[in-house]
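Take the given structure of chain H and dock chain B to it, following the hints.
Residue numbers (our numbering), protein chains in the order written: chain H, 1 to 323; chain B, 1001 to 1145.
These are calculated hints, taken from the structure and not from any lab test.
Accuracy of the hints is not assured; some may be wrong.
As a list, the in silico DSS-like pairs of lysine-lysine whose alpha-carbon atoms are at most 27 Å apart [said to hold, decoys possible]:
#, chain 1, residue 1, chain 2, residue 2
1, B, K1136, B, K1013
2, B, K1008, B, K1136
3, B, K1006, H, K237
4, H, K237, B, K1008
5, B, K1006, B, K1136
6, B, K1013, H, K237
Derived list of chain H stretches under chain B, where covered just means 3 residues or more per stretch with a C-beta under 8 Å from a C-beta of chain B [to be verified]:
#, segment
7, 28 to 40
8, 48 to 54
9, 136 to 142
10, 248 to 259
Beta carbons: idealized from backbone N, C-alpha and C, even for Gly.
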Amino acid sequence: MTSQIATLLAVLLFPGGLFALVLGLALKGADRRVAARLQGRVGPPLIQPFFDLIKLGFKRTMVPTEASETVFLAAPLVGSVAMLISAALIPIAGVYAPDTELGNLLVLLYLLAVPGICLMLAGSASGSPYGAIGFSREMALMLAYEGPIVLIVAAVGMRTGMAEGHWVTFSLTEIVRYQQVHGWFLFDPIMWPAVAAFAFFYPANLGIVPFDIPEAETEVLEGPLLEYSGPALGLFKVMSALKAVVVLGLGIALFLPLPFTGPLAFVGWLVEIVVLMLVGVTALRVSAGRMRIDQAFVFFLKWPLLLAIASVAAVALAAGGAS
Amino acid sequence: MTFINKLKDFAVKSPWLYRINGGSCNGCDVELATTACIPRYDVERLGCQYCGSPRHADIVLITGPLTRRVLDAARRVYDEIPDPKVTVAVGVCPISGGIFRESYAVCAPIDQYFPVDVNVPGCPPRPQAIIEGVAKAIAIWRQRL
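Chain H extracted, bound-state conformation (with noise of 0.2 Å):
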């Protein structure tokens, strides 16, 4: 009983819930603001994001006649509630690791495609030509990035997994846990593909602008979202917010999660969230322009994807030499 109240505070207060929310909106209104300070401009204040929030709480929801209104409405809502829960599987080094009853790597693998199907069955559901287009587009993103982080997590769990004694480990506390012991995967040659293709997907999973081409404002007017207002637009904003906790906490996880215990540990890890978000998102996004579709579907299965299969082989190939 008490492990459930345990599973249920991890979902809904911390690290899930309130606590992955507030911080989500807080890294997108750095985000924000660091942008347009790198465009040289003044830009919003911080807390930008929570005023858009609650100023979508104040309008109207609009369903428009040619849309089917109950997936219209339901997709934002799973979608979000799809993120509180992967929030909670990611654990915080040396602050919290989370109950094994609640799901482990694959769970989490499956969980974080569920944003982008939502946005797909959004686009769909919609009766907007703008929204089709956003879900053709979305599919093939999708289809390209998904194949390279499958391959970067199993590769993160065999290198883990064959140093353990075992095979395969899909479990992100025990990576963590073997990292704060032998060093973090930042550093390993052997990882360094891995590390690659992840610095690769994850611009991708967030939809930020070199990858952004399903919600091209300027092409496809925001794509899936063109059609939503209202609260349940709020809800879409609500789900990328946790959705950038939960990216950016896997890559921590898997390559660089901190060695200390306690408060040390938990600001230490506020602060490697925070560099990988401007850094690998805002730097990015300000600096580059949108790619195709065609070419952005070419890249990633490209380079992305050649990097996560050598990844897996020069692991697979170090294990066996080690043996």
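Chain B in isolation, oriented as in the chain H frame:
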């Protein structure tokens, strides 16, 4: 009630802008772009954001003398914008017709068709004037929330 009012004070800091080009010569549209892109006039510091979809909009900026061709489309797009919304007429064309006044092809002034709240005259208006107009629109929007 005070709590709701407090929330509304926060909500008003996030006005999203949407542009309707009613057959404008693009002079005003260029000036609108400067308010978003030129560091000096950065409209994002007011919390504003130009959005691509009329469904996300709070403040509508209409430019141009509203040509007959574009009238129906402009009215349909305007109806797609969820309430509460505020309308700003940017440039002299939507206010009086400007140099296109009394032409058979334009429907200016646009307040025959849209409930205009703020007029920003000029041909084209300066970016400072547009930002002042947006600030006034925000004050009106606060009362409607």
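*So which of the earlier hints does this model not fit?*
9 and 10
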